[in-house]
Structure formats: C-alpha cells, structure tokens
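Q: This is what each chain is made of:
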Amino acid sequence: MIVSFTVNGEERIANVSGPESLLTVLREELGLPGSKNACEQGECGSCAVVLDGAVVTSCLVMAADCEGSEVTTVEGIGSDRELHAVQQALLDHGAVQCGFCTPGFVVTAAHLFEENPHPSSDEIKEALSGNICRCTGYGAIARALEELAEGTA
Amino acid sequence: MEITRPTSLSEALDARAQDPGADLLAGGTDLMVEVNFGLAKPEHVIALRRIDEIGEVEDRRIGAGVTWARLEESDHRALAQLSRTVGSPQIRAAGTIGGNIGTASPAGDGLPWLAAVDAEIEVASQARGTRRLRWDEFFTGVKRNALEPDEVIVAAVLPERVPSNQHFAKIGQRSAMVISTVSAVVVRDDDGSVRVALGSVAPTPIRALAAEQLINENPQPTDEVLAEFARTVSAEVTPITDHRSTESYRRHAAGVLARRLLERCLAS
Ligand SMILES: Cc1cc2nc3c(=O)[nH]c(=O)nc-3n(C[C@H](O)[C@H](O)[C@H](O)COP(=O)(O)OP(=O)(O)OC[C@H]3O[C@@H](n4cnc5c(N)ncnc54)[C@H](O)[C@@H]3O)c2cc1C
Ligand code: FES
Ligand code: FES
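Note that the protein sequences, when read in sequence, are chains A and B.
Reading the first sequence from the start, the letters are residues 1 to 153 in the working numbering.
Reading the second sequence from the start, the letters are residues 1 to 268 in the working numbering.
Don't read these hints as lab results, they were simulated from the structure.
Any given hint could turn out to be false.
A short, non-exhaustive set of chain A residues, derived as facing chain B with CB atoms under 8 Å [said to hold, decoys possible]:
1) 54
2) 60
3) 61
4) 62
5) 64
A partial selection of chain B residues facing chain A, derived with a Cβ cut-off under 7 Å [to be verified]:
6) 21
7) 36
8) 94
This structure is a prediction, so every number in the text was calculated from the model and none was measured.
A virtual CB, placed ideally from N, CA and C, is assigned to each residue, including glycine.
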C-alpha cells in the first residue's frame, strides 16, 4: 500500500506492506537512518520523532496509519551549516559519548524548547524522562540543556 | 495488510461489522509492542485516531481516543495524577484511555480510577447500537473484557457526581516508565464515605468493599481503625507472584498504599 506523508517538510511516499513501524519505514525505505532502533518497545526514546505536533516513539507508530501526517526527524533539525541550539549545547558540554541515544534527545529537547524556551530544570528532566542514555550518566545532558534554558549556553 | 482509516464513528462501526476480525488501533503503544515482537500479525487494521467523536472530553464523558497527555490536565485530581505516571511523555502523547480499557491489563493504570468512580464503559456496534456496561461487567479477566468482535469502545461515562477529593498512587521499581506493582485510588465523598480501588492485585481492577464499609462506619478513623483498614485491604486483594513482585509484597503494599491515600483524603 502507498502511504504519503510529509517528512521534514517534504512530501514523501512509502510503500508499506504490513504493520511495520514508522521507524522501520524512515530507516529502510526513506533513507533517514538518524532515528535509532534500540528497544522497539517504547522504552528508550532513541527513535523519537515529532508526529503531528507531539513527540512520540516512532517504533510504536504504525507506518500505514501515517497517511497525511507531518513528521520531523532528527535529520530535519539544524543543518550541515548551522546546528540547532540544542545540538550546539550538547556538543559544547560533551554530552555525547557513543551517540546512539543522541538523535532522540535532540528531537525531544528541540521540541521542548520550541514549546517552552525557558524550561525549568524539573521540566527538562520530565521532558527527557522517556529518553535513556547508556553512557553519559545524564549529567552533561542536563547541564547543557539547563544552560541553554537560562540563556547562558 | 489492509488498513481502514475511518473519520467518523459510523464508518468505523461499518468497517468493524464487515470484518469483525480486524484489529483496532488507537495510539499503538500496546498493539505495536506486540507487532514488533511478532506476537500480533494484523491482517486488517482499523485505525481510530481520525475519529473526532471519540476524541473529546465532555462533562461526564471521556472519549476513548483521549490521550494521557490530555488527561494530565483533567479536573479529576486522581485521573490527572495517574495520567502523569503513564510511561513517558512520548507514550502519553500517543497512548489513549480507550487503549488502556481495550487492553484490560491488570496493571492498566486508568482502570482503578474507573472502578473508584463507578464509571461505565460505553461501546457501540452497527447491529445493536450503543450499550453501557458497568466497569465490573466490562473487565472480565486478565486482558479480557466484554467487548464483542463487532464493537468499538466509545467512551468512559462518569456518574452524575464524582467527589473531588480523590488520590492515586502506584508502586513500581523506579519513577519513570514503570508498570505498576500495585496501584490504588481512594475517593472520599463529603459525607465521609469512601471508595477504594486497586490495580495489579487481581485479574481485573477491584474494589476493597469490606475496607470501604469499615470507613463508612467510622468516617473519622482513629489510628487503630486506619491500621485495621490497611489489614482489611491486604486481606481483600488476590495478587500473584510474577517477575515484577511477589504475592506477599503486593498484599502488604496494597494495604499500605490504600491507607496512605485515605490519609491524604482525610487531610485535604
Ligand atoms: C514504554 C511503555 C510504557 C507504558 N507505561 C504504562 C503505564 O505506566 N501505565 C499503563 O497503564 N500503561 C502503560 N503502557 C501501556 C499503554 O501505553 C497503555 O495501555 C495505553 O493506554 C494504550 O493505549 P493506546 O491508544 O496506545 O492503545 P493501542 O495499542 O492502540 O490499543 C490497545 C488495545 O486496545 C484496543 N483498542 C484501542 N482503542 C479501542 C477502542 N476505541 N475500542 C476498542 N478497542 C480499542 C486495541 O485493539 C488494542 O487491542 C506503557 C506502554 C509502553 C510501550
Ligand atoms: S526504539 Fe523506540 S523507544 Fe526504543
Ligand atoms: S551516548 Fe551512548 S547511549 Fe547515550
């Protein structure tokens, strides 16, 4: 079946045969491997995308149900020439180790800052509570985003 | 696989009538886990998220398609509290109360609240129209409910008056993204009567009726009555031992949690 939807501002068409996830279609059909596949059960957030205005885990979105939807993946945040402020903050604070979780953190945090440019420390932690990092211990990630929220990053 | 994406309830009921074997899809946070692990292989999916009629919160109705993210803002305090504990922000943005009711997991965090306020579940089919079942008629066992193959869950319907003094809490292994080991809701009415509902301690959500009775007879409970209340709750539940916890811990925790919530109600 043909599913057409908007990804990072572009009209895209995907050939979907079964109940596969949006994550699978982004990575394997649409050449967008930025969203990472780690748990496939909604637990880690490494596959986070913005779907119709809300951050969701794309591993739990049925691709066939995305007809007419608008999706933003990590590839749609910042550009090669200019990083998004969240990306720059994570870079400046050394908040990336293996980097596997980073796309999910970037998508989730960028959406948070779009909705609320000065989130409190608690709001940052709450927004990121569905994103698991196996390496950094979160300290650097939290510091990067807290400074960004205070406008001192 | 085939997918139908109705934009009205009548279209959905039509699709359901034509193919009662089809799988309903709301936020996908239960169904897609099964798909990803090869446990569900849907051949025909009826996707419900475009149906406005089931996506509204009204006075006494909570549409099946309403997400936890929206219910975090509910005026019903315990409903807002429990909604904030479901999964993570990403899960709450997608997952719906109708999906929670449809899955009917003993650990479904929305279910003890529905039990505590004596909600009805409204379901509809093309052949028989609308019917309402009390929560205890609807939930029939572990991941079992009374929905017929041609029906769709439309809404949770609340009684005319829902006391505003209500609290929810759950116990799990950490604070984010955790399936309840025990969950509880206590609702206290202005006349001092209470309703006590628990999750994860029986095949379905349950009410602790003997414990309710004890407080209804002692609306200003002393410490001894509160201790008796906790023991009564522990005696009324029928938990099991599984990979998340043991029967005896759950029994103990159910009493402790219910007492704590009752004390919160008494203090507010
Ligand atoms: C990481 C993670 C964490 C979670 N944490 C929690 C938690 O803390 N507490 C909790 O209670 N749950 C939790 N869940 C489970 C799940 O998110 C909830 O049960 C949620 O409410 C399911 O809603 P949904 O819309 O995503 O359901 P779906 O997956 O779309 O559907 C679930 C089932 O209900 C049926 N269904 C859906 N809508 C209807 C309808 N209108 N009529 C008839 N049948 C219908 C479907 O056919 C399916 O069988 C978690 C899940 C994940 C993946
Ligand atoms: S891969 Fe989707 S949440 Fe982990
Ligand atoms: S940097 Fe390795 S998982 Fe987060």
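Q: Which numbered conditions among the earlier hints are violated in the structure presented, ordered from lowest to highest?
A: 6
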